[in-house]
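S.K.: If you read the protein sequences in the order shown, they are chains A and B. Numbers 82 to 389, taken from this note's numbering, label the letters of the first sequence in order. Numbers 2 to 531, taken from this note's numbering, label the letters of the second sequence in order.
Just so you know, these hints were derived from the structure itself, not from any lab. We put the beta carbon where it would ideally sit given N, CA and C, even for glycine. Keep in mind that the hints are not guaranteed to be accurate.
[Unchecked claim] Looking from chain B toward chain A, a few residues come up when the C-beta cut is under 7 Å (computed):
1. LEU12
2. ILE13
3. TYR77
4. VAL78
[To be verified] With a straight-line cut-off of 20 Å between C-alpha atoms, the simulated SDA-like cross-links for lysine to any residue are:
5. B:LYS457 <-> A:TRP301
6. B:LYS446 <-> B:ILE510
7. B:LYS446 <-> B:ASP478
8. B:LYS96 <-> B:ARG118
9. B:LYS514 <-> B:GLU455
10. B:LYS497 <-> B:SER421
11. B:LYS23 <-> A:ALA216
12. B:LYS397 <-> B:ASP215
13. B:LYS96 <-> A:PRO221
14. B:LYS397 <-> B:PRO385
15. B:LYS96 <-> A:GLN208
16. B:LYS446 <-> B:ARG464
17. B:LYS21 <-> A:GLN321
18. A:LYS212 <-> B:LEU24
19. A:LYS282 <-> B:SER421
20. B:LYS21 <-> A:ALA215
21. A:LYS212 <-> B:ALA11
22. B:LYS321 <-> B:ARG240
23. B:LYS457 <-> A:GLN208
24. A:LYS212 <-> B:ALA129
25. B:LYS23 <-> A:ALA215
26. A:LYS212 <-> B:ALA7
27. A:LYS212 <-> B:PRO130
28. B:LYS23 <-> A:ARG304
29. B:LYS23 <-> B:VAL154
30. B:LYS457 <-> A:ALA256
31. B:LYS479 <-> B:ARG511
32. B:LYS397 <-> B:ALA129
33. A:LYS212 <-> B:ALA20
34. B:LYS23 <-> A:ASN220
35. B:LYS497 <-> B:GLU455
36. A:LYS212 <-> B:LEU12
37. A:LYS212 <-> A:PRO250
38. B:LYS21 <-> A:ASN220
39. A:LYS282 <-> A:TRP301
40. B:LYS21 <-> A:ARG326
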Amino acid sequence: MRPVPTALVTHGHSDHARGGHGTTIATPETLAIMAVRYETQAGASPVGYGETRRLPGGVDATFLPAGHVLGSAQILLEHAGERVIVTGDYKRRPDPTCAPFVVTPCDIFVTEATFALPVFRHPPVEQEIAKLLAARAANPERCVLVGAYALGKAQRVIAELRRAGYREPIWLHGALERMCRLYEEFGIDLGDLRLVADAGKADLAGQIVLCPPGALNDRWSRRLPDPITAMASGWMRVRQRAVQRNVELPLVISDHADWDELTETITQVNPAETWITHGREDALLRWCELHQRRARALALSGYEDEDD
Amino acid sequence: MERFAALLDALIYTRSRNAKLKLISDYLRSTPDPDRGWALAALTDGLDFPAVKGGTIRNLMMERVDPILFQLSRDYVGDTAETASLLWPEPEGAKDPPSVAEAVDALSHMTRLSAMRDLANLLDRLDAPGRFALIKLATGAMRIGISARLAKVAFAQAFDVGIDDVEEYWHGQTAPYRALFGWAALGAPPPHAEDLPLFRPFMLAHPLEETGIDMSAYAAEWKWDGIRVQIVRVGGVTRLYSRSGDDITGTFPEIAEAMDLDAVLDGELLVRGSHQGGETGGAASFNALQQRLGRKTVSKKMLEEFPAFVRLYDILIDQKEDLRPLSWEQRRMALEAFLPKLDPAHFDLSAVIPATSLDELAAIRERARDDAIEGVMLKRRDSPYVPGRKTGLWYKWKRDPLLVDCVLMYAQRGSGKRSSFYSDYTFGCWDGDPDAGAELLPVGKAYFGFTDEELKWLDSHVRRHTVNRFGPVRETDKSLVLEVAFDSVHASKRHKSGVAMRFPRISRIRTDKPAHEADRLDTLRAMIRD
Numbered sequence: 082m083r084p085v086p087t088a089l090v091t092h093g094h095s096d097h098a099r100g101g102h103g104t105t106i107a108t109p110e111t112l113a114i115m116a117v118r119y120e121t122q123a124g125a126s127p128v129g130y131g132e133t134r135r136l137p138g139g140v141d142a143t144f145l146p147a148g149h150v151l152g153s154a155q156i157l158l159e160h161a162g163e164r165v166i167v168t169g170d171y172k173r174r175p176d177p178t179c180a181p182f183v184v185t186p187c188d189i190f191v192t193e194a195t196f197a198l199p200v201f202r203h204p205p206v207e208q209e210i211a212k213l214l215a216a217r218a219a220n221p222e223r224c225v226l227v228g229a230y231a232l233g234k235a236q237r238v239i240a241e242l243r244r245a246g247y248r249e250p251i252w253l254h255g256a257l258e259r260m261c262r263l264y265e266e267f268g269i270d271l272g273d274l275r276l277v278a279d280a281g282k283a284d285l286a287g288q289i290v291l292c293p294p295g296a297l298n299d300r301w302s303r304r305l306p307d308p309i310t311a312m313a314s315g316w317m318r319v320r321q322r323a324v325q326r327n328v329e330l331p332l333v334i335s336d337h338a339d340w341d342e343l344t345e346t347i348t349q350v351n352p353a354e355t356w357i358t359h360g361r362e363d364a365l366l367r368w369c370e371l372h373q374r375r376a377r378a379l380a381l382s383g384y385e386d387e388d389d
Numbered sequence: 002m003e004r005f006a007a008l009l010d011a012l013i014y015t016r017s018r019n020a021k022l023k024l025i026s027d028y029l030r031s032t033p034d035p036d037r038g039w040a041l042a043a044l045t046d047g048l049d050f051p052a053v054k055g056g057t058i059r060n061l062m063m064e065r066v067d068p069i070l071f072q073l074s075r076d077y078v079g080d081t082a083e084t085a086s087l088l089w090p091e092p093e094g095a096k097d098p099p100s101v102a103e104a105v106d107a108l109s110h111m112t113r114l115s116a117m118r119d120l121a122n123l124l125d126r127l128d129a130p131g132r133f134a135l136i137k138l139a140t141g142a143m144r145i146g147i148s149a150r151l152a153k154v155a156f157a158q159a160f161d162v163g164i165d166d167v168e169e170y171w172h173g174q175t176a177p178y179r180a181l182f183g184w185a186a187l188g189a190p191p192p193h194a195e196d197l198p199l200f201r202p203f204m205l206a207h208p209l210e211e212t213g214i215d216m217s218a219y220a221a222e223w224k225w226d227g228i229r230v231q232i233v234r235v236g237g238v239t240r241l242y243s244r245s246g247d248d249i250t251g252t253f254p255e256i257a258e259a260m261d262l263d264a265v266l267d268g269e270l271l272v273r274g275s276h277q278g279g280e281t282g283g284a285a286s287f288n289a290l291q292q293r294l295g296r297k298t299v300s301k302k303m304l305e306e307f308p309a310f311v312r313l314y315d316i317l318i319d320q321k322e323d324l325r326p327l328s329w330e331q332r333r334m335a336l337e338a339f340l341p342k343l344d345p346a347h348f349d350l351s352a353v354i355p356a357t358s359l360d361e362l363a364a365i366r367e368r369a370r371d372d373a374i375e376g377v378m379l380k381r382r383d384s385p386y387v388p389g390r391k392t393g394l395w396y397k398w399k400r401d402p403l404l405v406d407c408v409l410m411y412a413q414r415g416s417g418k419r420s421s422f423y424s425d426y427t428f429g430c431w432d433g434d435p436d437a438g439a440e441l442l443p444v445g446k447a448y449f450g451f452t453d454e455e456l457k458w459l460d461s462h463v464r465r466h467t468v469n470r471f472g473p474v475r476e477t478d479k480s481l482v483l484e485v486a487f488d489s490v491h492a493s494k495r496h497k498s499g500v501a502m503r504f505p506r507i508s509r510i511r512t513d514k515p516a517h518e519a520d521r522l523d524t525l526r527a528m529i530r531d
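Isolated chain A, as found in the complex (with noise of 0.2 Å):
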């Protein structure tokens, strides 16, 4: 992948977003993820959802939300009558933290497969919340540790303690302040955060801690009373996926589509053609031609996938 010219950005995650672009176009939000992470905001060029830009060559590019991390796009490209949207990463539930999916109308719809499999079925965010609040309530004397990446999954973890009523505060591993003050600024309220680093191992007893998934075994969680293993993502689904990454207790969060949103998405949309990447495409490749569906897989050159 190599730096262009003019840059149509869907979300700031480092698998669809690189800076060194000319000019740089996203939502507001997805510049401000960029300008953190990769410190640079030249030619950056903000557009609001249901904006439309007209690009160099005649063709008008439209900002739709995907639903999935804050300022996250899906693109529609008009040009002579046809259209076609580029999801980027998308999914369907409800999420405090960000806009949801809005089902647009093309000729060729462009989606992610990530989760592309039917054994993936995404269970209630609530179910999991109050799993993860039954550990911490049965363990008080150790702290319940969840792996969260740090743009998107971290803050819909928090913000969706808060809305099950969870008051009490909530300990960040340092790499993950950052985001989450950025959410913070965009408006999003995410309660009492504080700093593992600002506090002792008694402090942690009892508490819920958020660390990016690379630090789970590290050893950084040394310092924590005894923590219960949790991750956040729609791998732990997988009993094996979860037994590899020494996670005791999984938690099926997903910010991606699941198999079922994925093919009533394609269902609602029902363009004329659809073209699959990012993730499992024989799957719903295998879906489309079950259901008389024209579709395609893109073998994309892409960075490496992060985790969910």
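Dock chain B against chain A, hints included.
M.R.: Same frame as chain A, now just chain B:
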């Protein structure tokens, strides 16, 4: 079934042994009969439903899910039971989950044909974790990292009874173990089954650490390197049990056939040869025995090539007479009197080593290395036969370990308490002169032998000297020399280095030694006594 499903899931995600024990014992205490008995049977591999096999599950799925989508899912998930539990179409309306007992009853009445309908009906009444538990229960292969022994220890812990008693009473019982629960949980008299070939827990030895042993009170024997077995014959039925109480009769049919008297004997299972103790020792290396282990059926060729026999250590029961309360000396006399009645091709006696002092024994033990014998045993002459390890009664005195200097090559994260530490080490030796371009070949793997302090040091070394990562494994820059201790080394076709160590452990960290001065493969090969 929901509680059993929750127990399975919790066990899968729990790494610590103690936490697993607590989960199982809490379940056994709080679940009524007969559900807890069936659950226990499932955990100890005590259930078998011939009508339901892996193929049954696949056929059920094929009727409900596109075969290609099933196969793609199965490939990703890696477990048929889990794939099926996740893919099963959620039924409409309220569920009426069956109890474990109801499910077991239904499963045991199924035929291959009716399973397609009746198993589907059961699955329709469960949620995804429940379906997973039911399929695991039905197909019998739990594979959740729980040994039968662990489940029995949990049973003992749940009701505060002795594990030795549990082991002893267990064998005559069948699921759902009402008599066993009646005894342990409700205070009923213990179940009795005198006419069954039961396993009796082994008497074990402590490693010898003290030197103030009065040899007049002890008898010495060779420590043979095979597997410890118990031969039990009651009313014409013979069973061969391994140290963990597993029934291995089928693996060594010639031993069971040769046992023609009712008794319970304790000995070492070996293969004929001249490796241990030379011609007079008459036993092949452990490597030879290994060819016979773990087989369900034994070919004629195997029987001829690796003929097994038992070198007897002790006699526990003669006819109906329980000799265990007697002294070792009295039992030894009974054993010597018993032996001539047995087939000499399959049974002989472990000789007593004449030694009047520990020093004299030490000298004999040293010579044992040339004879490729593991070490010696010391048994108190007045000791009764008691289960487990009791201080002061039996000792094992292994010869000093062999040592070799190896280079650390790879490290892998441990589990449980060690999950943040790189605590499993793969090490190698040079396949020639390192200054002339020789390479390191892995020769073994060890995850103990070091102190907690040394572990911290090694962990930090691995992190600072990583050159490559493969999932949980790191490749290091191969700069650290580790002195590795091991009991013996054997030729091995399965390893690229051509050698396999027994019981390797890290004995010292040699920061003083540069990597190119570590030992070569030739050194290790020269230690082979196969």
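S.K.: So, for every hint listed, does it hold in this structure?
M.R.: Tested hints:
1. LEU12: Status violated, d = 11 Å.
2. ILE13: ILE13 (chain B) check passes; min Cβ-Cβ to chain A is 6 Å, inside 7 Å.
3. TYR77: holds (6 Å)
4. VAL78: holds (5 Å)
5. B:LYS457 <-> A:TRP301: holds (14 Å)
6. B:LYS446 <-> B:ILE510: At roughly 15 Å apart (the allowed maximum being 20 Å), ILE510 (chain B) and LYS446 (chain B) satisfy the hint.
7. B:LYS446 <-> B:ASP478: Roughly 17 Å between the alpha carbons, so the hint for LYS446 (chain B) and ASP478 (chain B) holds.
8. B:LYS96 <-> B:ARG118: holds (17 Å)
9. B:LYS514 <-> B:GLU455: At roughly 17 Å apart (the allowed maximum being 20 Å), GLU455 (chain B) and LYS514 (chain B) satisfy the hint.
10. B:LYS497 <-> B:SER421: It is violated: about 30 Å lies between the C-alpha atoms, which goes past 20 Å.
11. B:LYS23 <-> A:ALA216: holds (16 Å)
12. B:LYS397 <-> B:ASP215: holds (15 Å)
13. B:LYS96 <-> A:PRO221: Violated, because 34 Å separates the two Cα atoms, which is more than 20 Å.
14. B:LYS397 <-> B:PRO385: Between LYS397 (chain B) and PRO385 (chain B) the Cα gap is close to 17 Å, so the pair holds against 20 Å.
15. B:LYS96 <-> A:GLN208: Answer holds: LYS96 (chain B) to GLN208 (chain A) is near 18 Å, not above 20 Å.
16. B:LYS446 <-> B:ARG464: Judged against 20 Å, a Cα distance of about 18 Å means the pair holds.
17. B:LYS21 <-> A:GLN321: holds (17 Å)
18. A:LYS212 <-> B:LEU24: Holds. LYS212 (chain A) to LEU24 (chain B) sits at ~17 Å (cutoff 20 Å).
19. A:LYS282 <-> B:SER421: holds (17 Å)
20. B:LYS21 <-> A:ALA215: holds (19 Å)
21. A:LYS212 <-> B:ALA11: holds (13 Å)
22. B:LYS321 <-> B:ARG240: holds (16 Å)
23. B:LYS457 <-> A:GLN208: Violated. LYS457 (chain B) to GLN208 (chain A) sits at ~39 Å, over the 20 Å cutoff.
24. A:LYS212 <-> B:ALA129: holds (16 Å)
25. B:LYS23 <-> A:ALA215: holds (18 Å)
26. A:LYS212 <-> B:ALA7: Given pair LYS212 (chain A), ALA7 (chain B) holds - Cα atoms ~12 Å apart, limit 20 Å.
27. A:LYS212 <-> B:PRO130: holds (15 Å)
28. B:LYS23 <-> A:ARG304: violated (26 Å)
29. B:LYS23 <-> B:VAL154: holds (10 Å)
30. B:LYS457 <-> A:ALA256: Given that 20 Å is the threshold and the Cα spacing comes to 25 Å, the pair is violated.
31. B:LYS479 <-> B:ARG511: holds (13 Å)
32. B:LYS397 <-> B:ALA129: Violated - the C-alpha atoms of ALA129 (chain B) and LYS397 (chain B) are around 50 Å apart, more than 20 Å.
33. A:LYS212 <-> B:ALA20: holds (19 Å)
34. B:LYS23 <-> A:ASN220: holds (14 Å)
35. B:LYS497 <-> B:GLU455: violated (29 Å)
36. A:LYS212 <-> B:LEU12: holds (16 Å)
37. A:LYS212 <-> A:PRO250: Satisfied, since the Cα-Cα distance of roughly 18 Å is no more than 20 Å.
38. B:LYS21 <-> A:ASN220: OK: LYS21 (chain B) and ASN220 (chain A) at ~16 Å, within 20 Å.
39. A:LYS282 <-> A:TRP301: Holds: LYS282 (chain A) and TRP301 (chain A) sit about 12 Å apart, inside 20 Å.
40. B:LYS21 <-> A:ARG326: Given that 20 Å is the threshold and the Cα spacing comes to 18 Å, the pair holds.
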